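S.K.: Chain residues, written in single-letter form:
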Amino acid sequence: MTSHIHERKTVSPYLTFVIVHAMLFGIDFLFLVIKPIQMAGQDAWTGVLLCSVGIHIVIVMMYSILNRHRTDLMHIHIRLFGQGIGMMLNMIFTVYFLFVSVYQVRLFIEVIQVWVFPELKTWSLALVLLLIAYYIISGGFRVIVGICMFSLINTLFFVTIFFMIPYFHFNNLLPAMSHSPHDIFGATKDLTTSYMGIETLLFCYPFIKTPEKSQKWAHWGVLSMTLIYVVEVIFTIITFKTEQLSDELWPGLTKYKFIQFPFVERFEFIGSSATILRLFPVICLSIWVSNRIMKFTFAIRQRKVLPFMLGLVFIATCLIPNRVGVDLVHSWIRQSGISVIFGYIPALFLFDISRTKVKKTK
Amino acid sequence: MKRTFCTVLMIGLLLSACAKQQILDKINLFIVASFDEISRDQLEITLVVPRFQAGKPEAVSDELYSKIGNTSTGIRESLRAQMDKPLQPGKLSVVLFGSDKASSGIEKELDVLLRNAFFSRGMYLAVVDGRAKNVLEANFNKKQEKGIFLYHVLDANTKNGTLPSQNLHEFEYALVGKGLDPYLPLIRNDHGRVVVSGTALFKNDKFVATLDSSQSRLMKLLLENVNEGIFEVKLDSGAFLAIENVGSTVKYHMKNEAILISLNMNCKIREAERYSTSDEHLRSLKKQFKEQLHQEETELIKTFQKKAIDPLGLGDFARSRNRHWKEEDWMRQYPTMKVDVDVHVNIMESGIKL
Amino acid sequence: MFDIPKIWEEFRESSDFVYLRQSNHVDHYLICFLKSITDINVLNEQILDFISKNAGLLFDELFEELPIAEKELSSDWDEIRNKLLLGYVAIQQAPTAETILLNASSSKGRTVSKPEIEFNVEGSKEALVESLDINLNLIRKRLPVASLRIKELHVGDVSKSRVAICYIEDITNEQYIQTCLQRIGDIQFDTVTDITVIQQIMEDNSNSIFPQMLGTERTDRIVWGLTLGQVCIVVDGSPNAILGPVTFQHFFASYEDYYLPWLIGSIIRMIRFTSVMFSILASSVYVAVLTYHGHGISNAFLPTIIASRINVPFPPVVEVLIMELAIELLREAGARLPSKIGQTIGIVGGIVLGTAAVQASLTSNFLLIIVALSAMASFTTPVFRMSNTIRILRFPFILFAQLWGLLGIFMCSIIVVTHLLRLTSLGMPYLVPFYPLRLKSLTDTIIRPPYSKFHQRPGFYRTKNPARFDKRKSNLKNDIDE
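Protein chains in written order, with the working numbering: chain A, 1 to 362; chain B, 363 to 716; chain C, 717 to 1198.
Since the hints were derived computationally from the structure, they do not count as laboratory data. There could be a bad hint or two in this list.
[Said to hold, decoys possible] Calculated pairs, EDC-like style, for lysine to aspartate or glutamate (alpha carbon to alpha carbon, straight line, at most 16 Å):
1. B:K470 / A:D247
2. B:K382 / A:E119
3. C:K867 / C:E838
4. B:K652 / B:E606
5. C:K876 / C:E834
6. B:K504 / B:E406
7. B:K495 / B:D552
8. B:K596 / B:E606
9. B:K700 / B:E606
10. C:K722 / C:D794
11. B:K565 / B:E469
12. A:K257 / B:E532
13. A:K241 / B:E689
14. A:K241 / B:E406
15. B:K447 / B:E425
16. B:K540 / A:E119
17. C:K751 / C:D732
18. B:K495 / B:E586
A quick note: this is a predicted structure, and the numbers were derived from the prediction, not measured.
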């Protein structure tokens, strides 16, 4: 049942780095530092490192499963659990990825409504965003990864963090290690959300030329994001007092308020508009994955399912009315994301290992 | 398929073109605003709206709008009724508080400035000695827009000058941070001219004490590394000398429960009338300047301690060196705490004459 | 069976068809040709002269002894008729079935002249002309290698244009050659008057505003492309050739970059890239900022901008559209008129109208500067089709900027980037070497590296022979004082 992807449709292994980078550098990045810093204060950066170690282990598990079966997760499901349960698991993943994209679209619209256009209607912006997403996704996997690569321009905006140097208070990092392990683990758990998105690799696997070689790049991607997270956390700690952060909703965007150029006095409207670059890789990959699963399960053309999927996302996006709704969806996504990454993948890994061992002994 | 896609895209575009336009020359901007207290619950807001003339960017006239009400956003709403164009608050760069308003607390107004995504965190705040509206009414500059002028005055004297100041972000940082208190520059209307006359010290969000400009300069020396400013030294002979600071560094140390501030200053002699700068004289001059500086700085810190305010952030410093630091304990200790100032002076040059 | 009197019936309406009987007292010949495309001198001095002096030859002997290089013996009606249309002379001895065809065609056309579109200061001043034979001569002259292959096809049922596909056998990837041959072979269009017709028909996505083949009139550029592994297509009757496959960045590289010292060439190329970005974005950013993000302009700049616009009655988008259309109008008027009048139009339009528009408060000074600058910047694009694209691309950006401000500009850039990602040129990704990233091929993109760095052909052409010269030898340097 191995799926064969035409070589023209596959991408080079190094692009795994780009996929991981773009998935992790999403809109969540703009506020993910708040909770860990509230919990672990100036020691929050150790939480980032701890979490990154955990993610590296999960990637090793993922690749060990994938390399053994040499196909993507939806085929593995069927192979391990049979037609019925496998299908069901696949459908759960479809729903999960659709929810992720709904959440991301709504979150982006929230950013725009707060920072740029307070009067903008949710549905209008969602409609346009999803139409653009349709154009990207119908170009296929290569185009989606190309957009991921284009979105790396965002890393340039990250460099603007150095405009805040006059506001740095290095005293805030001291006294080091004054929080209990309990606090630090709490921060670590909260940071897991920021690493959500690596589970797409389970589905992109067959689209990578010589996929075994891509594991190295996935690790590099996580490593570079870890570096960015650590820098972000440390810079946030030395720019803001913890008490200030508890009132901020988007510290990642508030930072743009410190940047001034001779022509442009406010950078935040540029920065918040540029969040669109964070949005598209995440929603396009997520919708693409759920599309693939639908195609596999019901044997219909992706071109037929895609408008239907986008319609679902559109309706769901419009149903989230306000900040409270966004927060609610966020907590669901967080829970399910953590359970996928740290619950489901290790469980699948163990199940797979024990199954092969049982086979061997037979 | 493609055609339907295109039509849907076009319809979507046209239907959803409902972002509210704010065309730059069809809105009223204001760069400076002031808050004054009228009575316990009532406050007066004054906005300076610049009027531009076509083709002459330098000919700007200002129009004052002022209104009394209960909340600042409510006042803004009623101000709108007097105006020909909608009001856009995003350009606000300088906020002045009347001294009455400042002494009764400015937390509510700060919240308005911090909550709105359109306001800059780099805007200057300042306290006016007296009513803030009086400063804005004064006709202090004909060539420039009042707000831009005030912004430049504050910028030249505080951020890039010798007086201490905090912008909106720094003020909030000091306000909510534990173990430090905020401060703002103090502005005065001196016969139709705007003068930055000193520093207003805050306890929480309330204005409690003032420093004059020479004290303010001493305070800035303790806050950060400074590389300008003239200091006058009184010699034993009764003559005065002017010494320019060309680079001072300040460092805080913790020494058995006491704080030691070491201040290191490189300076140049600027005015040395009737005074020969020989080696011997230089040494005694150096000693005198050092003593004078030490004495003034110690006095300044004593004043802070007496009023139980901490603009230098000594509490924050102590917190970073002590794992078990508690705000209440610190507040109890602070007024009687031992703070030493260790001054080093290095006279580098005496100009191009001996 | 071909019969000259019969063909006379077919062609008698054309006044340039000549049918004559020639005799040398022994034999009688029927001769016909189209005098408009036949060289009369050749006919008189070589053919007729030879016939009249050599009486008594057999028809086969006559064919062998005629002093003409291109001659054939045929009896196929269609072939003979087609050859006649190309300038051949047909000779028949009354009773025989065979016909002698002699090439005496004369083609009148321009001589080789200076490049007009891709003008340059340094380097060769030689451009293609309308004659395919001259063009192939120009190319062959610069590439004296046996492996230069020229394949000729005929395209168009009516025009029967000769299309030549040139490539270097041991460099160019077979796949690109086959794609070209197949696509040109499939062309159904009846009249091919120019290479651009072929280009538009054979491009991968003919609905795109981006050109996917590089049109050029410079022979040095063609030769450079051929040696890198591109295929060149030339059509008889067109003074342009197209090169493919190409990538996006090729359209911003002027060939003169290669003639300047590499540092200067690189800096000029980078200026060109920035000016293209400026040209696309400047007016849309103006619309976005003035319509939605006015508070972002710095205090120092604010009075200037407001004072220049305060009496303009239109919203920024109308103002920008008026100005952009005015510039397009100027360009179009200048292009359609003889060059001397064109200059006058430029002066009247640019200076007189511009000043008057500002004084009448129809536009702001500031916008006038932006629009003029971005128009100028768009003309720095060295390839004409791309500079058209750049100018048209501005309008969707302006529309999006009006709808959603800066956010709209970001959206539009994402759409454009997606479009570019989806494009291919003869099956090669359009954005290579940026995406998919080919680090080794990045050397000759934004900067123009020194010639010692050109030791390999760009990897994305997938050439049969990637090495151009031995890198180690070129990098040898003498030690100090040796």
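S.K.: Tell me if the straight-line CA distance from K722 of chain C to D794 of chain C falls inside 16 Å.
M.R.: holds, 13 Å
S.K.: K867 of chain C and E838 of chain C were given as a pair; does the straight-line alpha-carbon distance stay at or below 16 Å?
M.R.: Measuring from Cα to Cα gives roughly 32 Å; hence the hint is violated.
S.K.: With the threshold set at 16 Å, check whether the alpha-carbon distance from K876 of chain C to E834 of chain C stays at or below it.
M.R.: violated, 29 Å
S.K.: Does E586 of chain B sit within 16 Å of K495 of chain B, going by the straight-line distance between their CA atoms?
M.R.: violated, 32 Å
S.K.: With the threshold set at 16 Å, check whether the alpha-carbon distance from K700 of chain B to E606 of chain B stays at or below it.
M.R.: Distance of about 30 Å is beyond 16 Å: violated.
S.K.: Against the 16 Å threshold, does the CA-CA distance of K257 of chain A and E532 of chain B hold or violate the hint?
M.R.: The hint holds at about 13 Å.
S.K.: Compare the distance between the alpha carbons of K504 of chain B and E406 of chain B with 16 Å, and conclude whether the hinted pair is satisfied.
M.R.: Given that 16 Å is the threshold and the Cα spacing comes to 25 Å, the pair is violated.
S.K.: Holds or violated: are the alpha carbons of K241 of chain A and E406 of chain B at most 16 Å from each other?
M.R.: violated, 31 Å
S.K.: Hint check: K447 of chain B vs E425 of chain B, CA-CA at most 16 Å. Holds or violated?
M.R.: holds, 13 Å
S.K.: For K596 of chain B and E606 of chain B, compute the direct alpha-carbon distance and say whether it is at most 16 Å.
M.R.: holds, 14 Å
S.K.: K751 of chain C and D732 of chain C: Cα distance at most 16 Å?
M.R.: holds, 5 Å
S.K.: Measure nothing beyond the straight line between the CA atoms of K382 of chain B and E119 of chain A; if it is 16 Å or shorter, mark the hint as holding.
M.R.: holds, 7 Å
Hint compliance for this structure: hints 3, 5, 6, 9, 14, 16, 18 are broken, all remaining hints hold.
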